[in-house]
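Between the sequences and the hints, there should be enough to build the whole structure, so can you do that?
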Amino acid sequence: KQEVTQIPAALSVPEGENLVLNCSFTDSAIYNLQWFRQDPGKGLTSLLLIQSSQREQTSGRLNASLDKSSGRSTLYIAASQPGDSATYLCAFLTGGGNKLTFGTGTQLKVEL
Amino acid sequence: EAGVTQFPSHSVIEKGQTVTLRCDPISGHDNLYWYRRVMGKEIKFLLHFVKESKQDESGMPNNRFLAERTGGTYSTLKVQPAELEDSGVYFCASSQLQSRPYTFGSGTRLTVV
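Chains A and B supply the protein sequences, listed in that same order. End of the first sequence sits at 112 in this note's numbering; the numbers just go up one at a time, nothing left out. End of the second sequence sits at 113 in this note's numbering; the numbers just go up one at a time, nothing left out.
Accuracy of the hints is not assured; some may be wrong.
What the hints assert, rightly or not - Covered, in the sense of this in silico footprint (three residues per stretch, anywhere, with C-beta under 8 angstroms from a C-beta of chain B), are these stretches of chain A:
(1) 42-49
(2) 98-110
As the list claims (entries may be wrong) - Computed cross-link-like contacts, BS3-like style, restricted to lysine-lysine with a CA-CA straight-line distance of at most 25 angstroms:
(3) K44/B - K54/B
(4) K78/B - K15/B
(5) K41/B - K42/A
(6) K41/B - K1/A
(7) K78/B - K42/A
(8) K109/A - K41/B
(9) K78/B - K41/B
(10) K41/B - K15/B
(11) K1/A - K15/B
Rather than coming from a laboratory, the hints here were simulated on the basis of the structure. No residue lacks a Cβ here, since even glycine has one placed at the ideal position from N, Cα and C.
Given below as structure tokens:
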């Protein structure tokens, strides 16, 4: 059974700082990994998707990596902005490729 | 394109009542999923439709939950009778292919009192 842990649970940083969010998983038999952000009262917005055969994906100031051998994924946010404040979730597509297993999330606050 | 639409956005019901949540996926997306997040826990899978067929309902907590997908279009999730522990946020998602990025709706916040 896949178990997903996200550390830290909450993070507060000053604007402009580069930061790394961590996600660890126990089962390397995954189809892909997605990073999502969730704003209060809103749904989940997909940020990046990394296929099992890939090691990283980049979109703007975001870079996500996947290391199946160590059971880790990281989301790197460059030059953080107050608008980046949200809960960030990693999720793995497993179980025959039809269900996402989510981590508990990291609540990020970027302060002016 | 229009996103995944869920309604109501909020619902407050008394224990023992019935509630029906609705999800309209992105047009053309054969795959439709229900997830939920109960207080303090991670988001968990409930079930997966491919068109109108239930592909996997292993995450449904018990037989008080009934999901349907009429004609492979919108889906409903009925909770009858509702219990206090059913409170949480229910998300719907759709995708064109199983392994492609999911698009999630804004969720329905259900409160059972």
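Is it true that the CA of K44/B sits at most 25 angstroms from the CA of K54/B? holds, 17 angstroms
Can you tell me if the segment 42-49 of chain A counts as covered by chain B, using C-beta to C-beta distances under 8 angstroms and a minimum of three residues? holds (count 6)
K41/B and K42/A were given as a pair; does the straight-line alpha-carbon distance stay at or below 25 angstroms? holds, 17 angstroms
Restraint status (C-alpha distance of K41/B to K15/B at most 25 angstroms): Judged against 25 angstroms, a Cα distance of about 21 angstroms means the pair holds.
Mind checking the alpha carbons of K78/B and K15/B for me, to see if they're no more than 25 angstroms apart? This hinted pair holds, its Cα atoms lying about 14 angstroms apart.
Tell me if the straight-line CA distance from K41/B to K1/A falls inside 25 angstroms. holds, 17 angstroms
Per-stretch coverage check for the segment 98-110 of chain A, three Cβ contacts closer than 8 angstroms to chain B: This one holds; 8 residues, not fewer than the three required, reach chain B with a Cβ under 8 angstroms.
Hey, K78/B versus K42/A, does the alpha-carbon distance stay inside 25 angstroms? Given that 25 angstroms is the threshold and the Cα spacing comes to 22 angstroms, the pair holds.
Do the alpha carbons of K109/A and K41/B lie within 25 angstroms of each other, as the hint requires? Holds: K109/A and K41/B sit about 20 angstroms apart, inside 25 angstroms.
Proposed proximity, K15/B with K1/A (alpha carbon, max 25 angstroms): violated, 33 angstroms
Can the restraint linking K78/B and K41/B be considered satisfied, given a maximum Cα separation of 25 angstroms? With a Cα-Cα distance of about 21 angstroms, the restraint between K78/B and K41/B holds, given a limit of 25 angstroms.
The earlier numbered hint that this structure contradicts is number 11, and it is the only one.
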